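Asker: Can you make the complete structure from the sequences, with help from the hints?
2 protein chains.
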Amino acid sequence: MNAELVAIGSELLGPLRAETNTLWITEQLLEAGVSVAARVTVADELPLIASAFRAALGRADVVIATGGLGPTADDLTREAAAAATGRELRRDPQILARLRERFAHYGRTMSDTNAKQADLVAGAAPLANPRGTAPGQRIEVDGRHLFLLPGPPGEMRPMFEAEVLPRLRAALGPTAVVRRRVLRIASMPEGEVDQVIAPVYSRFDNPKTTILGSPGQVELHLVARGKDADQAEAAIARLGDALHEALPGRIYSEDGRDLPAVVLDLMVARGLTLALAESCTGGLLASRLTEVPGSSRVLERGYVTYSNRAKTEDLGVPPALLEEVGAVSEPVAAAMAEGARARASASIGVGITGIAGPDGGTPEKPVGLVFVAISGAAGSAWRRCLFPGSRGRIRYQASQYALEMLRGGLLGLPLP
Amino acid sequence: MNAELVAIGSELLGPLRAETNTLWITEQLLEAGVSVAARVTVADELPLIASAFRAALGRADVVIATGGLGPTADDLTREAAAAATGRELRRDPQILARLRERFAHYGRTMSDTNAKQADLVAGAAPLANPRGTAPGQRIEVDGRHLFLLPGPPGEMRPMFEAEVLPRLRAALGPTAVVRRRVLRIASMPEGEVDQVIAPVYSRFDNPKTTILGSPGQVELHLVARGKDADQAEAAIARLGDALHEALPGRIYSEDGRDLPAVVLDLMVARGLTLALAESCTGGLLASRLTEVPGSSRVLERGYVTYSNRAKTEDLGVPPALLEEVGAVSEPVAAAMAEGARARASASIGVGITGIAGPDGGTPEKPVGLVFVAISGAAGSAWRRCLFPGSRGRIRYQASQYALEMLRGGLLGLPLP
Chain A
1 MNAELVAIGS ELLGPLRAET NTLWITEQLL EAGVSVAARV TVADELPLIA SAFRAALGRA
61 DVVIATGGLG PTADDLTREA AAAATGRELR RDPQILARLR ERFAHYGRTM SDTNAKQADL
121 VAGAAPLANP RGTAPGQRIE VDGRHLFLLP GPPGEMRPMF EAEVLPRLRA ALGPTAVVRR
181 RVLRIASMPE GEVDQVIAPV YSRFDNPKTT ILGSPGQVEL HLVARGKDAD QAEAAIARLG
241 DALHEALPGR IYSEDGRDLP AVVLDLMVAR GLTLALAESC TGGLLASRLT EVPGSSRVLE
301 RGYVTYSNRA KTEDLGVPPA LLEEVGAVSE PVAAAMAEGA RARASASIGV GITGIAGPDG
361 GTPEKPVGLV FVAISGAAGS AWRRCLFPGS RGRIRYQASQ YALEMLRGGL LGLPLP
Chain B
417 MNAELVAIGS ELLGPLRAET NTLWITEQLL EAGVSVAARV TVADELPLIA SAFRAALGRA
477 DVVIATGGLG PTADDLTREA AAAATGRELR RDPQILARLR ERFAHYGRTM SDTNAKQADL
537 VAGAAPLANP RGTAPGQRIE VDGRHLFLLP GPPGEMRPMF EAEVLPRLRA ALGPTAVVRR
597 RVLRIASMPE GEVDQVIAPV YSRFDNPKTT ILGSPGQVEL HLVARGKDAD QAEAAIARLG
657 DALHEALPGR IYSEDGRDLP AVVLDLMVAR GLTLALAESC TGGLLASRLT EVPGSSRVLE
717 RGYVTYSNRA KTEDLGVPPA LLEEVGAVSE PVAAAMAEGA RARASASIGV GITGIAGPDG
777 GTPEKPVGLV FVAISGAAGS AWRRCLFPGS RGRIRYQASQ YALEMLRGGL LGLPLP
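Taken in sequence, the protein lines are chains A and B. Be aware that the first sequence starts at 1, since it is given in the numbering used here, and climbs by one per residue. Be aware that the second sequence starts at 417, since it is given in the numbering used here, and climbs by one per residue.
Don't read these hints as lab results, they were simulated from the structure. Hints may contain errors.
Lysine-lysine pairs mimicking DSBU-like chemistry, simulated, CA-CA at most 35 Å apart [claimed, not checked]:
#: 1; chain 1: B; residue 1: Lys532; chain 2: A; residue 2: Lys365
#: 2; chain 1: A; residue 1: Lys208; chain 2: B; residue 2: Lys532
#: 3; chain 1: A; residue 1: Lys227; chain 2: A; residue 2: Lys208
#: 4; chain 1: B; residue 1: Lys624; chain 2: B; residue 2: Lys643
#: 5; chain 1: A; residue 1: Lys116; chain 2: B; residue 2: Lys624
All values derive from a computational prediction rather than experimental measurement.
Answerer: Spelled out as structure tokens, the structure:
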């Protein structure tokens, strides 16, 4: 079963206003095992709303609309539902009587405009609205369901829970349980990941796989369905295992942890401490690590050595070396890592030096060139990287690469 | 002229992911005088995307789609645009060559899957993407325009500005001119700002004022209309002047620069250098400053002294002082600032120490307590702050407060 959500209201189409009803409904639906195929937000214009309803009823089993049920001239959801389904609007005497009572209860007289809130699409069942004036409506159209709900969340949510969710659950039967898992991979381009895993995930109809790439990171979102939790979890595990096999050692997390947390946990488990020496990343790696609660157990200290003088004074990088090979070089990255480690008496040192741009690049050392070195008791490893993109992206990818090198080193994996 | 926006991506239909591209585009379109009639978010399924395109092209003058232009199997926007317009997809040899070059430049071979990024809908004009691999497309359909833009905001926004907006402006011809200005204020709560300025901005019908608050920062968005640029700019200037008067010295930027850039510019102009000593912010302040191109002219170095030993060894904070008053204290913040300044021979030193949480708080020193100190040739200043919120928010607000203290000190303003 799939659903489409239609949010109605010109005010929702401004730049600053977040539309929250459909997010909340999505969450409820996913939990119940209904996936959302599309979300639409339309202005308060009759042809637009009707067209959105027609399109949604043409492709979804359940269409849930919010908003436009009030008494004012721009509340046009009822009229649009009638137009989209080719039915009449009929004023319901019972609803009208209840509206009048409600107004009387609050000591007010009902204006004529309010009466249109008693209009029902022919064949529709009204949905009670204990928190407000406008009732909702449930309309069956060729075996598909169109629900009209009010816009204010305080009215919409209880109506959804009381009138919509139980009907969907009954229609679904006891079958649909959804489980999801997010697998994360660092420092491997999206295209490369997909080339490796497409033959794997395309064999599976369940779970469904979505790939999300961002600089330095790829996420694989697996969504499985089953008739119970065991079945859904087994489906996730089958694909998960196959993906681990296709990308040996490269999936760093499947429990929601980000890369800094994974690296910190590995170091805590091994009783290791860390010292950082950052040039082009300028504290970004330290900041990402210290964002994780408890990172003080691992991170002894960090140095942001932007100037050559700082590299020499704080990390003991020989001035002759800087002179000879330049600050952006493998030997300097290694000397920074070793200097930080020695100075902090830490188990592991990391050194990062590069050209984040946008200026400062040369043909030999272009913008995006970064050297990352890791130093431990057993020796050093370093890598030359060339990262694409803006200054911010280069810096982020450099920090991500250093973390992935650390993780690989701790687990005895080959360098990425 | 009206527009419809189509955001493509199954990941955007989960409950947790905010879809921000269409909000940003809406803002740009409104400024240009184009209203948005509908926004649609659809899953990565070919019939859904094609149906959304057909519906949108049936009711809007301009349809702008974002996402689904990547190399993976679930990137289906090109195929859907071809299906919706009844045209073929053709592989463009020039685009293919540029893709290969780009991959070669970064030392990678292009996989076969990447080649589909060179597919153009017949009759479409490609839109250059200097920030990424996938070009956009502009397709004319019966006098209507369908633009296909990439999903990553860093690629989408420059393409929208360079390729979409100028075409819409040309089509609209001379209409009302809109000018906007964003005034930024640091380290002052939204409610406090509003209390001071509401009597001011409510006197103005033009510009319209929107207040956007986030931890440590408030933005005032002024949008003015006029029959020409002079008139719109005069309206902005009138309200802008009145707001400066209501908040003397507190508006740090109205030209788009963020606080780190403003502080760095002030220091460059005065020929000053900076050294940082961070404990609870763990490199966040260094990272925010070094995110700005050219920051190396100012930032001599930074120390992330998470441990007491690092505070003593790197910054010369006396062990007896740490013992006596604790690491989270005014004297230690001041000693850190002075130690960093002296060690780096910098003009100004900053020290930050506090409890970012979620653990480690006590009744006397609760989570959120942060001491910020600034040290210069003329002496030191420090402040005790208590920031609300999560670890991330506390750290961000602490870094923001330190920057605002620096700015105030450089301009001779009273401490915030």
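Asker: Could you run down the list of hints and mark each one as holding or not?
Answerer: Comparing the hints with the structure gives:
1. Of the pairs offered as hints, the one joining Lys532(B) and Lys365(A) holds, with about 32 Å between alpha carbons and a cut-off of 35 Å not exceeded.
2. Among the hinted pairs, Lys208(A) with Lys532(B) is consistent with the structure: their alpha-carbon atoms are about 22 Å apart, no more than 35 Å.
3. At roughly 16 Å between alpha-carbon atoms, Lys227(A) and Lys208(A) fall within 35 Å of each other, so this suggested pair holds.
4. Between the alpha carbons of Lys624(B) and Lys643(B) the distance comes to roughly 16 Å, so the proposed pair stays at or under 35 Å and holds.
5. For a cut-off of 35 Å, the pair hint linking Lys116(A) to Lys624(B) stands: about 34 Å separates their Cα positions.
When each numbered hint is compared with the structure, no violation occurs for any of them.
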